[in-house]
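Enquirer: Residues per chain, in single letters:
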Amino acid sequence: MDVKIKSMKHEDFKHNEYIDKLVEELNATGANVVVGNFDKLINWGISNSLWPLCFGTSCCAIEFMSLGAARYDMARFGFEVARNSPRQADYIMVQGTIVHRMAPVLRRLYEQLAEPKYVIACGGCAVSGGPFKNSYCVVPGVEKILPVDVFIPGCPPRPEAMFYGLMQLQRKIKVQKFFGGVNRKEKIDEFFAKHPSEKGQIG
Amino acid sequence: MSDFKEIISKICSSATFSEGDTLLVTVPEKDWFPLAKALKENKDLDFDVLSAVVGMDWKDELGVIYYLTSTSHDWAVISVKVAVADRKEPMIHSVSSLWKVANFQEREVYDFYGIKFINHPDMRRFFLRNDWKGYPLRKDYDANPDLNPIPLDDEKNEDDTVSYVEDAKGKVKAVPGKVFGEDDYVVNIGPQHPSTHGVMRFRASVDGETVRKVDVVSGYIHRGIEKLSEGLTYPQILHFTDRMDYMSAHQNRHCLCMCIEKALGLEVPRRAQVIRVMMDELMRISSHLLSFGCTAMDLGATTAFFYGFREREMVLDIFEKTCGARMSMNYNVIGGVIADLHPDFRKDVHHLLEVMPKALKEYHTVFSGNIIAMNRLKKVGYLSKEDAVNYDITGPSGRGSNWSCDCRKKHPYAVYSELDFDEVLLDGCDSYSRYMVRMREIEQSCRILAQLVDNIPEGDIRAQVPKIIKLPAGRWYQQVEASRGTFGVYIESDGQKNPYRVHFQSPCFNLVGVMDLTCSGYMIADLITIGAALDFVIPDIDR
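Taken in sequence, the protein lines are chains A and B.
Numbering-wise (the working numbering), the first sequence opens with residue 2 and increments by one.
Numbering-wise (the working numbering), the second sequence opens with residue 47 and increments by one.
Hints were generated in silico from the structure; no laboratory data involved.
Since the structure is predicted, the reported quantities are computational estimates derived from the model, not experimental observations.
Do not rely on the hints blindly, as some may be mistaken.
[Unchecked claim] Listed below are the simulated DSBU-like cross-link pairs for lysine-lysine, each with C-alpha atoms no more than 30 Å apart in a straight line: (1) B:Lys-367 with A:Lys-15; (2) A:Lys-134 with B:Lys-185; (3) B:Lys-127 with B:Lys-56; (4) B:Lys-179 with A:Lys-195; (5) B:Lys-202 with A:Lys-145; (6) B:Lys-513 with A:Lys-134; (7) B:Lys-516 with A:Lys-134; (8) B:Lys-202 with A:Lys-195; (9) B:Lys-393 with B:Lys-407; (10) A:Lys-145 with B:Lys-185; (11) A:Lys-134 with B:Lys-56; (12) A:Lys-134 with B:Lys-202; (13) A:Lys-145 with A:Lys-178; (14) A:Lys-134 with B:Lys-179; (15) B:Lys-259 with B:Lys-425; (16) B:Lys-179 with A:Lys-145; (17) B:Lys-76 with B:Lys-56; (18) B:Lys-425 with A:Lys-134.
[Said to hold, decoys possible] Computed from the model, here is a short list of chain B residues facing chain A with C-beta under 8 Å: (19) Thr-117; (20) Arg-175; (21) Asp-177; (22) Asp-199; (23) Glu-359; (24) Pro-518.
From the three backbone atoms N, C-alpha and C, an ideal C-beta is built for every residue, glycine too.
Please model the entire structure based on the sequences and the hints provided.
Expert: Have a look at this one:
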């Protein structure tokens, strides 16, 4: 199945195996015609108005600001409405190192996001801890505390790389299903069952 | 220098001296506070600036090295070493009553080494959570991740503090206290807030809309760079400097390289020196443009933000062509620079120099003269010159309080002594002056670039350095003028290929120290503009 974004065709993307596998998994039990079309409508809406939560801890945040400025202009793709409140945002783009003191804050921000919600790990630090991996108080990748949808490597990633990552998220959204089939929410619950906080109750 | 020696030995007979790149005075702990008082108040010494406070662990003893600067004695620098042998309950007298900047600095030392400062008003941890086990920069720190797992629960007891007070008999007693009073109405700002320029957290007590007190909670991006550096070789630690204050990446790295070169006695080729200075000034322009954009955006002027970024992209293009990256350039190396200039470099700089004056005029038209901007920035966030000196507020923020503190003029390095440029000084002491100093500094940076762009000498871009770099045993301190103030690097070596201790003295650390002072008495909305005008970068504070 072709998953395209604007003028970007399926072949224009690298690493298509993942999305192909995802589509296959989702369609394993077949898609209902009526419900499938509802899904398409919803996904078309979400994927073209992805609002990020302003969450920059270090260098990557400055590149994200460049993304918002005139030259790169993320408004072309519907990302421009950067929200300061997690209640109004669709996804959290973790730009920068997450340290021990920040970890509970980040987790809480994720919990406050309204469903459907997504996480992008942007930059080396968010992907794996980056150059600070061996430090005594750095979380080696946000994957340890949040379910991540897209990883964008780089230190910091170029704005083009950020666009690529954001488009990958759009593609992922375009194939997801709300009605029937495999539901994203179940996967998130599964993740939190494996990574409980001390209080036990998450999400 | 020898004068200081004589005067100090008269005041404090137990002091011993050793020469290095600065005079090092070693005093026993019991004589430290009287000596500190004399150093500050004696007119023949007059060390009015506390430039750096470096916590140390020499295995047999724990201690602190203080770097002091005397503005009246031609910016002479001396260092004082105070050490205690007790590892269980190490205690040193606080100097925060003399130099206010020591307040946060000593909290940092307590956080890293567990040294308790006697008579310090507020002895809490600074970077790490208050339930952290152990003191990470001690050499015998147990780094087992099971001791300090990734926490997912909130911090507790944020309001409790303690002070170690010495009574008349010399007995030290722990006196618990509270950060805010019972009746204070405390508003939390951050750590995730768009206008704190990163993940800084303030707790402000307010009376109606008026701020009474600001408590700074830092450490939300504390990455432990200083500890990491101790396990790496000198070329490997260079890249950390680009990621601390990412808007002063070139200057910070320049500073670390110069400190290592000073220790090695390495002569840097002139071509490399000129390239370094040009890159520093380009970085300064890019930093001040970002600062302009962010200040404007914090006031709600989103359009001005686009203007600032338009010119900033030009600077980033120059970086990208020569260094290969838009940010985190990793350009300076020990002995010079890593790659030669791109063939387009001169053309691009000339183009930038043509564009900048027009652009600055435009900024002033759209923003600087705007009535809303003036009302929000003028007569807000007052910081007197005395306070700027006492809190060691350098850079554009200090110069906005009319304190002449430009490291390029006071301790000239690279080729700055040959260049013709002015130190921008304004006496408004408010947010608007700080903002204006930045805009005028862009002009001065352009002036420096114009002098150098057609005079880049031919030659090598880096000196010959040994494959394995080992510094001789000793200690070195180097300062440069970064975009936000004086940046310092302290290296102590024991002759190995990795440093024994590296300390980065960041300007932003001091900037955030005056938030309480500058915001008290103003409206809560002004807290945002005062922060924007001070223009701190959080990873530079937290390191």
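Enquirer: Decide, hint by hint, whether the structure agrees.
Expert: Outcome of the hint check:
1. About 26 Å separates the Cα atoms of Lys-367 of chain B and Lys-15 of chain A, which keeps this hinted pair within 30 Å; it holds.
2. For the hint pairing Lys-134 of chain A with Lys-185 of chain B, the CA-to-CA distance comes to about 19 Å; that is within 30 Å, so the pair holds.
3. Simply put, Lys-127 of chain B and Lys-56 of chain B have alpha-carbon atoms about 18 Å apart, close enough for the 30 Å limit, and the pair holds.
4. For the proposed pair Lys-179 of chain B and Lys-195 of chain A, the alpha carbon gap of about 26 Å is at most 30 Å, so the pair holds.
5. About 23 Å separates the Cα atoms of Lys-202 of chain B and Lys-145 of chain A, which keeps this hinted pair within 30 Å; it holds.
6. Our distance criterion of 30 Å between C-alpha atoms is met by Lys-513 of chain B and Lys-134 of chain A, whose separation comes to about 26 Å.
7. With a C-alpha separation of about 25 Å, the suggested pair Lys-516 of chain B and Lys-134 of chain A falls inside the 30 Å cut-off, and the hint holds.
8. Distance hint between Lys-202 of chain B and Lys-195 of chain A is fulfilled; the C-alpha atoms sit about 25 Å from each other, no more than 30 Å.
9. A hinted pair counts as satisfied when its Cα atoms are at most 30 Å apart, and Lys-393 of chain B with Lys-407 of chain B qualifies at roughly 23 Å.
10. A C-alpha spacing of about 28 Å is found between Lys-145 of chain A and Lys-185 of chain B, which places the hinted pair at or below 30 Å, so the restraint holds.
11. Pair hint Lys-134 of chain A plus Lys-56 of chain B does not hold up; C-alpha atoms about 50 Å apart against a cutoff of 30 Å.
12. For the hint pairing Lys-134 of chain A with Lys-202 of chain B, the CA-to-CA distance comes to about 27 Å; that is within 30 Å, so the pair holds.
13. Restraint check: the Cα-Cα separation between Lys-145 of chain A and Lys-178 of chain A comes to about 26 Å, which is no more than 30 Å; the hinted pair holds.
14. A C-alpha spacing of about 20 Å is found between Lys-134 of chain A and Lys-179 of chain B, which places the hinted pair at or below 30 Å, so the restraint holds.
15. In summary, the hint linking Lys-259 of chain B to Lys-425 of chain B is supported, as the alpha carbons are separated by about 19 Å, within the 30 Å threshold.
16. Only pairs whose Cα atoms come within 30 Å are accepted, and Lys-179 of chain B paired with Lys-145 of chain A is accepted, the gap being roughly 21 Å.
17. Restraint check for Lys-76 of chain B and Lys-56 of chain B: satisfied, since their Cα atoms lie roughly 16 Å apart, inside the 30 Å limit.
18. At most 30 Å may separate the alpha-carbon atoms for a hinted pair to count; Lys-425 of chain B and Lys-134 of chain A exceed this at roughly 45 Å.
19. Hint status for Thr-117 of chain B: violated, given a least beta-carbon distance of 33 Å to chain A, over 8 Å.
20. A hinted interface residue such as Arg-175 of chain B counts as satisfied when its beta carbon comes closer than 8 Å to some beta carbon of chain A; here the least separation is about 5 Å, so the hint holds.
21. Annotation: Asp-177 of chain B was flagged as interfacial toward chain A, and the flag is violated, the nearest CB pair being 10 Å apart, outside 8 Å.
22. Among the interface hints, the one on Asp-199 of chain B holds; its C-beta lies about 5 Å from the nearest C-beta in chain A, closer than the 8 Å criterion.
23. For Glu-359 of chain B, the interface hint holds, the least distance from its beta-carbon to any beta-carbon of chain A being 5 Å, beneath 8 Å.
24. Residue-level restraint check for Pro-518 of chain B is violated (minimum Cβ-Cβ distance to chain A is 27 Å; threshold 8 Å).
Of the numbered hints stated above, those contradicted by the structure are hints 11, 18, 19, 21 and 24, listed in ascending order.
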